[in-house]
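Chains as they are written, first to last, in our numbering: chain A, 1 to 324; chain B, 1 to 243; chain C, 1 to 297.
Some hints could be false.
[Said to hold, decoys possible] Below 16 Å or equal to it, Euclidean Cα-Cα: the simulated EDC-like pairs (lysine to aspartate or glutamate) are:
#	chain 1	residue 1	chain 2	residue 2
1	B	K74	B	D210
2	B	K187	B	D210
3	B	K74	A	E287
4	B	K187	B	E223
5	B	K74	A	E33
6	B	K187	B	E30
Hints listed in this document are in silico derivations from the structure and should not be mistaken for laboratory results.
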Amino acid sequence: MTLSALMPVLDRYFWLHIAVIAALLSLLFVLPEYHSGIMARVMVLVVYALGYNLLFGYTGLLSLGHALYFSAGMYGAGLAIRWLDWSLFPAFFSGIVAATLVALVIGSLALRTIGVAFMIVTMMFAQTGYLLILYFNEYTRGDEGFVIGQAARLIEWGSITVDLSAPDNRYLAAWLVLSLCLLVKLILVRSPTGRVWIGLRENEERARLLGFNPYRYKLSAFVISGIYAGIAGALYAILFGYAGATFASIQYSILPLLWVLLGGAGVVLGPVFGTVVMFYLVDYLSEQTSAYMLFVGVVLVVLVLVAPRGILGSLRRRLLHGLP
Amino acid sequence: MSLLQTQNLSCHFGGIKAVDAVNFTLNAGEIRAIIGPNGAGKSTFVSMLCGRQRPTDGRILLKSTDITDVSADKRTALGIAYTFQITSVFSQLNCYDNVELAVQGRLMRQSGSRMTRQRLREETCHQLERVGLADYEATLATHLSYGHQRLLELAMGLSLDPEILMLDEPTQGFAESEIDQFGILIKQIAEDATVLLIEHNMNVVMSLADSITVLDQGRILAEGTPQDIASNAAVQTAYLGTD
Amino acid sequence: MDFWPYLLLASLEGAVMAAVLALTALGLSLVFGVMRVVNVAHGEFFMLGAVLAWWFSSVSTQWFGISPALAFTVAFIMSPLVTAAVALVADRLVLKRLNYQPEATIVATIGILYIIQQLALTFYGPDARPVVAPFSYRVQLPWFGYSGYKLFVIAAAVFLLGLVWFLLSRTRAGLLMRATQQDYETAQAFGIPVSRVYAGVFAFGAMLAAMAAVLIVPIQQAHYLMGLDPLLLSFIVVIIGGLGSLRGTLIAALLIGMSDGIISVFFSPTLAKILATTLVAMVLVFRPQGLFGDRPQ
Numbered sequence: 001m002t003l004s005a006l007m008p009v010l011d012r013y014f015w016l017h018i019a020v021i022a023a024l025l026s027l028l029f030v031l032p033e034y035h036s037g038i039m040a041r042v043m044v045l046v047v048y049a050l051g052y053n054l055l056f057g058y059t060g061l062l063s064l065g066h067a068l069y070f071s072a073g074m075y076g077a078g079l080a081i082r083w084l085d086w087s088l089f090p091a092f093f094s095g096i097v098a099a100t101l102v103a104l105v106i107g108s109l110a111l112r113t114i115g116v117a118f119m120i121v122t123m124m125f126a127q128t129g130y131l132l133i134l135y136f137n138e139y140t141r142g143d144e145g146f147v148i149g150q151a152a153r154l155i156e157w158g159s160i161t162v163d164l165s166a167p168d169n170r171y172l173a174a175w176l177v178l179s180l181c182l183l184v185k186l187i188l189v190r191s192p193t194g195r196v197w198i199g200l201r202e203n204e205e206r207a208r209l210l211g212f213n214p215y216r217y218k219l220s221a222f223v224i225s226g227i228y229a230g231i232a233g234a235l236y237a238i239l240f241g242y243a244g245a246t247f248a249s250i251q252y253s254i255l256p257l258l259w260v261l262l263g264g265a266g267v268v269l270g271p272v273f274g275t276v277v278m279f280y281l282v283d284y285l286s287e288q289t290s291a292y293m294l295f296v297g298v299v300l301v302v303l304v305l306v307a308p309r310g311i312l313g314s315l316r317r318r319l320l321h322g323l324p
Numbered sequence: 001m002s003l004l005q006t007q008n009l010s011c012h013f014g015g016i017k018a019v020d021a022v023n024f025t026l027n028a029g030e031i032r033a034i035i036g037p038n039g040a041g042k043s044t045f046v047s048m049l050c051g052r053q054r055p056t057d058g059r060i061l062l063k064s065t066d067i068t069d070v071s072a073d074k075r076t077a078l079g080i081a082y083t084f085q086i087t088s089v090f091s092q093l094n095c096y097d098n099v100e101l102a103v104q105g106r107l108m109r110q111s112g113s114r115m116t117r118q119r120l121r122e123e124t125c126h127q128l129e130r131v132g133l134a135d136y137e138a139t140l141a142t143h144l145s146y147g148h149q150r151l152l153e154l155a156m157g158l159s160l161d162p163e164i165l166m167l168d169e170p171t172q173g174f175a176e177s178e179i180d181q182f183g184i185l186i187k188q189i190a191e192d193a194t195v196l197l198i199e200h201n202m203n204v205v206m207s208l209a210d211s212i213t214v215l216d217q218g219r220i221l222a223e224g225t226p227q228d229i230a231s232n233a234a235v236q237t238a239y240l241g242t243d
Numbered sequence: 001m002d003f004w005p006y007l008l009l010a011s012l013e014g015a016v017m018a019a020v021l022a023l024t025a026l027g028l029s030l031v032f033g034v035m036r037v038v039n040v041a042h043g044e045f046f047m048l049g050a051v052l053a054w055w056f057s058s059v060s061t062q063w064f065g066i067s068p069a070l071a072f073t074v075a076f077i078m079s080p081l082v083t084a085a086v087a088l089v090a091d092r093l094v095l096k097r098l099n100y101q102p103e104a105t106i107v108a109t110i111g112i113l114y115i116i117q118q119l120a121l122t123f124y125g126p127d128a129r130p131v132v133a134p135f136s137y138r139v140q141l142p143w144f145g146y147s148g149y150k151l152f153v154i155a156a157a158v159f160l161l162g163l164v165w166f167l168l169s170r171t172r173a174g175l176l177m178r179a180t181q182q183d184y185e186t187a188q189a190f191g192i193p194v195s196r197v198y199a200g201v202f203a204f205g206a207m208l209a210a211m212a213a214v215l216i217v218p219i220q221q222a223h224y225l226m227g228l229d230p231l232l233l234s235f236i237v238v239i240i241g242g243l244g245s246l247r248g249t250l251i252a253a254l255l256i257g258m259s260d261g262i263i264s265v266f267f268s269p270t271l272a273k274i275l276a277t278t279l280v281a282m283v284l285v286f287r288p289q290g291l292f293g294d295r296p297q
């Protein structure tokens, strides 16, 4: 593979993605502080969903255990700060490395199974991870979680100090990471590897008889998807100064599935829309009622029944043919 | 020269011997047809050759190298291409993307070849033209007629630039006119590749094949030139008896 | 207390656990075996059974002033029936329309899980509430006294399992189920109303979970979040026993229930769960037919 194959295709869809990125930046100057605070959080979760979409939407593998990689990133960064006093960047990378390793090990095991067994295996491993966090309560503080002090959330370059706990900086940091992740994903799904992922999703046997090793390609999708989850988890810990076991629970494995389904599986921008829409609806409803998860349930059921392609998936069918 | 060889190749499903100790040799450059009544084990046999089905016993040799335990995707890399009996394409992708994936697979494997977007594009278009699907580039495979889907699958097989091309019932569902065109295409392909053809249509077999292998109940019943087979009494009883 | 009596106590607790688990897991196993549907909402049918049991028993004692034993009987009959009706509605409205396609049904049952759970929160509330046991007799053993009701739970579960076995192997309904499980298309060709069999199996599976829940509520209180544990444990049991194998499910329920009971008494319950979930994942990866299942054809 040559480098030129990895250069982005500068067509209208590339510019569409750039426009979405620019719009997200401009929101910082338009939105009132409460909403830019929410959007910072949403953008971090979008990174998580972007990675989930690579695996589910593009490669056709439904994992029910991605909270494991999110929390590996979160605790990889959080524990390094709390117990080893690491500074921000090393801690961030330790989170990513932790998620990568966990995804590599679990992926190579789980991908020996297919279909329903794959879903249950990923779920069980994630449950093991969640229970481990509870079991090592002494270090992780279990359900209660721990706070990461402001001191560890500073970027220091010589005389310049950037405080990532300040709302605007937090927004910019989340935006920057999201933009990079979005562009990398766009390039990935249009790369030769991305085409093979789609081929595996559509017809694995055919792809195999074109000479592609399904296991290897699925594993690459699994690990990259895990890395995205890890980036999101580590970033969450650093930007919001908290790590807790809730983020490792089954619910956090199901949420990215919901976001991706809502926005459109197999569309790069799908999770962006899905996460924003869902987050705001839940935010609104949780003020009205304590049973807002009821709504989540109804959305899931209605989506699979009526609109399995999601918002952008349906739009692509009608208007935006060829949207990656 | 023997290109592909099987020694005592068998495949048993429970008590049923789908393929039973078959010794078979495919020579380089020929067009070989495998015929036989329904349930003779033709598809199982070819599935074992391309690696989709594991044999219960016996060996497969490609140019004297044992490939019995080599996975299907690696066999493709070694030059064995296979088109399915029941059309198997990426039905939700368009024709271009279907063929591109096959071309890409070959370019990624060929050492020293530089895979640029332009080269990918050129070769994909060339393969589409070769089977006459250039006008359907942007059509979803699922929207193609059945005959065109078969051609698409053939284009994907050809894009792999195989040494051996295995075609499982390629003309099934073709109209008469399409069959003639298909015959011309196969003759062209055979100039660079060895072709192994499972076929029901005896006209196609007789006009295309250099030699014919007849399978019956998992065993080789007869082997020879089309003329030999046509006049072989055992073959006639096998066909008349069960078909 | 000495070690041996302590172990006996732990084993009794394990047996209660195993009995309830066997019933719950059998429901999940039937649904998977016959319909090839992974019902993630199974734990919520369990929870629904418990919550409804509380409702029926408290309504009948408060409004009609009947004895706890009679109130429990009412709950034991009504709660599984209502739960089965809810499952039936879910099947007709959702699963059937998805043609029982595996991935879509998993997502849909996750949705149903949230819906049932949150409806319970809205109408039942966040509190845990007990159901009064039908009787409070204590069996006095040489070393300790033991709840007679818990022994009754074991006996009742064994009886119910026997009943299910009879139903499956000796009745026409059971024959229809087994025929559908064997080969869906042939069953359809022979005029078996597959769609109705599916609906029946789904409702019956939910009913088994609800029965298990009614048995357990006098020991464990009813709570809207109580469904997760039985769901995970049932998954574990069904997988270890071999997907779709009823015999394997029973053996595995006994194994998991007993060991979970014993490990939880002597060690930390979290550790027991960690071991169980890891074991399940490994079994699925390396021995997908389960520890007791036969090799798939």
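Evaluation of the provided hints:
Pair hint B/K74 plus B/D210 does not hold up; C-alpha atoms about 28 Å apart against a cutoff of 16 Å. Annotation: proposed proximity of B/K187 to B/D210 holds, straight-line Cα distance about 11 Å (limit 16 Å). This hinted pair does not check out: B/K74 and A/E287 have alpha carbons roughly 57 Å apart, beyond 16 Å. A C-alpha spacing of about 21 Å is found between B/K187 and B/E223, which places the hinted pair above 16 Å, so the restraint is violated.
Among the hinted pairs, B/K74 with A/E33 is inconsistent with the structure: their alpha-carbon atoms are about 57 Å apart, more than 16 Å. The straight-line distance between the Cα atoms of B/K187 and B/E30 is roughly 10 Å, inside the 16 Å bound, and the hint therefore holds.
Figure legend: structure checked against the earlier numbered hints; hints not met, in rising order: 1, 3, 4, 5.
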